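Participant: Here are the chains, one letter per residue:
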Amino acid sequence: MHVPLLIIGGGLSGLAAALRFARFIPDVLLLEQHARIGGLNSYYYRNNRLFETGLHAITNYAPPKLKNAPLNRLLRQLKIKRKELDLHQQNQSEIRFINKESLLFSNDFSLFNAEISSKFPASHNGFQKLLQIIEQYDPFKPLPFISARKIIQEHLQNELLTDMLLCPLMFYGSSIENDMDFGQFVIMFQAIFIEGMFRPGGTIKDLLDLLLKHYTSHGGKIKTRASVKHILHTGKTVHGVRLGNDEEITCDYILSTIGSEETFSLLDEPSGLDVLPRLGFVETIFELQPDTTLQQGYDRTIIFYNAADRFEYRQPQTVVDFNSGVICMPQNFQGLPLASFKEVRTTHLANYNEWKQLPRKSDSYKAAKDDTALMSLSMAEKILGNFTQNIVYRDTFTPLTIKHFTAKKSGAIYGNPVKIKDGDIGYDNLYIAGTDQGFLGIIGSMLSGVSIVNQHILPRL
Amino acid sequence: MTRDAIKDLILEIIEDIDEDADFETLQADKPLRDQLDLDSMDFLDIVMELRKRHKLQIPEEDYPQLATLDSCVNYLEPLLVDA
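Chains A and B are the protein sequences, given in the same order. As numbered in this note's numbering, the first sequence has no gaps in its residue numbers, which increase by one up to the final residue, 462. As numbered in this note's numbering, the second sequence has no gaps in its residue numbers, which increase by one up to the final residue, 179.
Watch out, some of these pointers could steer you wrong.
[Stated by the list, open to error] Straight-line alpha carbon distances no greater than 25 Å define the calculated DSS-like cross-link-like pairs of lysine-lysine that follow:
(1) LYS383(A) x LYS404(A)
(2) LYS82(A) x LYS206(A)
(3) LYS148(B) x LYS103(B)
(4) LYS101(A) x LYS151(A)
(5) LYS410(A) x LYS367(A)
(6) LYS101(A) x LYS383(A)
(7) LYS230(A) x LYS80(A)
(8) LYS68(A) x LYS126(B)
(9) LYS151(A) x LYS120(A)
(10) LYS80(A) x LYS103(B)
(11) LYS151(B) x LYS68(A)
(12) LYS80(A) x LYS101(A)
(13) LYS82(A) x LYS230(A)
(14) LYS222(A) x LYS103(B)
(15) LYS214(A) x LYS148(B)
(16) LYS80(A) x LYS206(A)
(17) LYS126(B) x LYS222(A)
(18) LYS148(B) x LYS80(A)
(19) LYS224(A) x LYS80(A)
(20) LYS148(B) x LYS82(A)
(21) LYS206(A) x LYS224(A)
(22) LYS224(A) x LYS410(A)
(23) LYS230(A) x LYS410(A)
(24) LYS151(A) x LYS422(A)
(25) LYS68(A) x LYS410(A)
(26) LYS151(B) x LYS80(A)
(27) LYS151(B) x LYS66(A)
[To be verified] A short list of chain B residues far from chain A (calculated; beta carbon distances all over 12 Å):
(28) ASP100
(29) ASP125
(30) MET137
(31) ASP138
(32) SER167
These are computed hints drawn from the structure, not numbers from a lab. Here the structure is a predicted model, which is why all the values come from computation and not from measurement. Using N, Cα and C, we set each Cβ at its ideal position, and we do this for glycine too.
Please work from the sequences and hints to get the whole structure.
Facilitator: Have a look at this one:
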């Protein structure tokens with residue numbers, strides 16, 4: 002079998018890349034090692050219902066008239082109509098630093114601006130100046146690492162506010178400890194605070210099915226349960242792949258969305274990339290009785306919290322750091338069809354190696370999962386009020402679960418801290434897209450796939 | 097293909113990219129991108145559609161020749177002579 006383009010990984014970046022390419026050249030093959038597509042943003046069934054993985058909210062909401070907004074560019078590139086997605090905007094979200102301060106934000110930026118002015122009046126002018134810099138900054142210009150924390154602190158002169166601004170942006174897409182590159186900060190600030198959050202009316206399965214339907218309607222092909230064992234290459238030119246069942250597929254180009262280190266290991270070559278700590282996460286889903294009314298914060302979509310003296314975004318020394326986290330209530334979007342379920346989802350930083358040291362099949366791993374759920378629950382109840390009695394089902398994903406289902410090294414959902422922004426890893430006809438290219442979130446990862454195909458592959462075929 | 101037919105072809109492709117594109121005030125000698133709010137990603141669609149519809153392989157170094165409606169017609173006229 003020979004194809005012009007072979008894409009490794011059926012997550013959102015791979016799917017978007019495949020669809021973009023198939024619109025013009027149908028002979029493209031997408032390989033996914035699991036039975037189900039979606040990668041980090043997928044789903045599973047328990048108790049006769051579908052549970053989403055990954056998806057809390059989609060960032061980068063934009064009204065139709067903003068033609069150059071990432072969401073609208075993406076829809077044009079994939080030729081998907083906006084109404085096919087059925088978009089629902091968030092109610093409102095909150096950054097809560099317990100016993101310190103709280104900031105509300107929504108898809109109307111004036112709320113966030115007013116919150117900062119009233120709660121941090123001394124930082125008001127500095128914040129306006131920072132907004133001007135964000136607006137004028139070109140985050141795609143290749144520059145060495147610039148500390149976002151340093152620039153924000155210089156303008157705001159308030160460490161608490163600096164931490165509060167960084168907290169949601171880090172949790173929703175930073176692979177670096179305690180700081181971000183300023184360009185990445187600008188992208189995330191726009192995606193979360195200026196544009197805002199939404200979700201589709203259906204589940205992530207509906208979104209994946211929609212992408213797949215468009216892709217196959219153009220003639221694109223997909224192979225699931227197809228793990229790649231080797232990328233066949235001579236020097237810096239790739240020829241194809243050998244699958245787990247020893248089948249060989251040849252191709253003119255490869256786009257790999259599985260991560261940079263992970264791609265180099267299929268090439269049997271050292272990556273030469275710096276090794277920095279990778280950030281692991283745990284997530285617990287609490288399914289509640291449908292008629293549950295949460296006492297406090299019941300209408301919030303997402304709450305980013307910190308309970309420690311200073312907010313620390315780094316690999317914890319223990320299995321999980323409960324001092325900070327994200328609490329998501331996926332039913333709290335405007336105008337969603339009435340769901341027959343209610344959920345609270347919690348996410349915290351975790352240490353992959355600490356989890357890995359627990360013997361997997363033993364009681365200690367299971368006990369650590371149970372402890373995680375209960376500790377996480379007690380943190381969530383501090384913010385939302387008690388809901389233990391309303392829980393009908395719960396499930397916890399550890400960094401090992403994430404590694405198992407997504408093949409992300411160390412279960413690090415945001416991948417390698419070293420990003421390769423142009424997707425070029427030094428090969429003639431092999432490029433990377435997705436998490437390790439550096440665009441994050443659902444819209445970001447899809448744009449990553451699209452833009453690498455546009456930049457390196459479509460014009461050359 | 098006549099010059100007018102080529103012009104229609106380009107406008108049809110652009111309309112396909114952005115159904116709200118406004119051609120009323122379009123000036124044929126001014127860059128399409130600035131007038132129609134197209135970015136470089138949209139622009140690639142024009143190239144790829146020409147390839148799909150007319151088997152035209154436009155090399156990357158020629159992309160600048162597609163900047164305005166007039167320059168598109170000038171560039172494509174000899175290539176679409178038999179189309």
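Participant: None of the hints should be skipped; say for each whether it holds.
Facilitator: Do the hints match the structure? See the list:
1. LYS383(A) x LYS404(A): violated, 30 Å
2. LYS82(A) x LYS206(A): Roughly 18 Å separates the two Cα atoms, so the pair holds.
3. LYS148(B) x LYS103(B): With a Cα-Cα distance of about 17 Å, the restraint between LYS148(B) and LYS103(B) holds, given a limit of 25 Å.
4. LYS101(A) x LYS151(A): holds, 22 Å
5. LYS410(A) x LYS367(A): Between LYS410(A) and LYS367(A) the Cα gap is close to 22 Å, so the pair holds against 25 Å.
6. LYS101(A) x LYS383(A): Answer holds: LYS101(A) to LYS383(A) is near 14 Å, not above 25 Å.
7. LYS230(A) x LYS80(A): The hint is violated at about 33 Å.
8. LYS68(A) x LYS126(B): Holds, at about 20 Å.
9. LYS151(A) x LYS120(A): holds, 21 Å
10. LYS80(A) x LYS103(B): holds, 23 Å
11. LYS151(B) x LYS68(A): Violated, at roughly 29 Å.
12. LYS80(A) x LYS101(A): With Cα atoms ~46 Å apart, LYS80(A) and LYS101(A) exceed 25 Å; violated.
13. LYS82(A) x LYS230(A): Between LYS82(A) and LYS230(A) the Cα gap is close to 37 Å, so the pair fails against 25 Å, i.e. violated.
14. LYS222(A) x LYS103(B): Violated: LYS222(A) and LYS103(B) sit about 35 Å apart, past 25 Å.
15. LYS214(A) x LYS148(B): holds, 21 Å
16. LYS80(A) x LYS206(A): Holds, at about 19 Å.
17. LYS126(B) x LYS222(A): Distance of about 41 Å is beyond 25 Å: violated.
18. LYS148(B) x LYS80(A): holds, 15 Å
19. LYS224(A) x LYS80(A): holds, 23 Å
20. LYS148(B) x LYS82(A): Holds. LYS148(B) to LYS82(A) sits at ~21 Å (cutoff 25 Å).
21. LYS206(A) x LYS224(A): Judged against 25 Å, a Cα distance of about 18 Å means the pair holds.
22. LYS224(A) x LYS410(A): The given pair, whose Cα atoms are some 23 Å apart, holds under the 25 Å limit.
23. LYS230(A) x LYS410(A): With Cα atoms ~16 Å apart, LYS230(A) and LYS410(A) stay inside 25 Å; holds.
24. LYS151(A) x LYS422(A): holds, 22 Å
25. LYS68(A) x LYS410(A): This hinted pair is violated, its Cα atoms lying about 36 Å apart.
26. LYS151(B) x LYS80(A): Distance ~21 Å between LYS151(B) and LYS80(A) Cα, so the pair holds.
27. LYS151(B) x LYS66(A): violated, 33 Å
28. ASP100: holds, 26 Å
29. ASP125: holds, 23 Å
30. MET137: At about 6 Å from chain A, MET137(B) fails to clear the 12 Å cut-off, so the statement is violated.
31. ASP138: violated, 6 Å
32. SER167: holds, 18 Å
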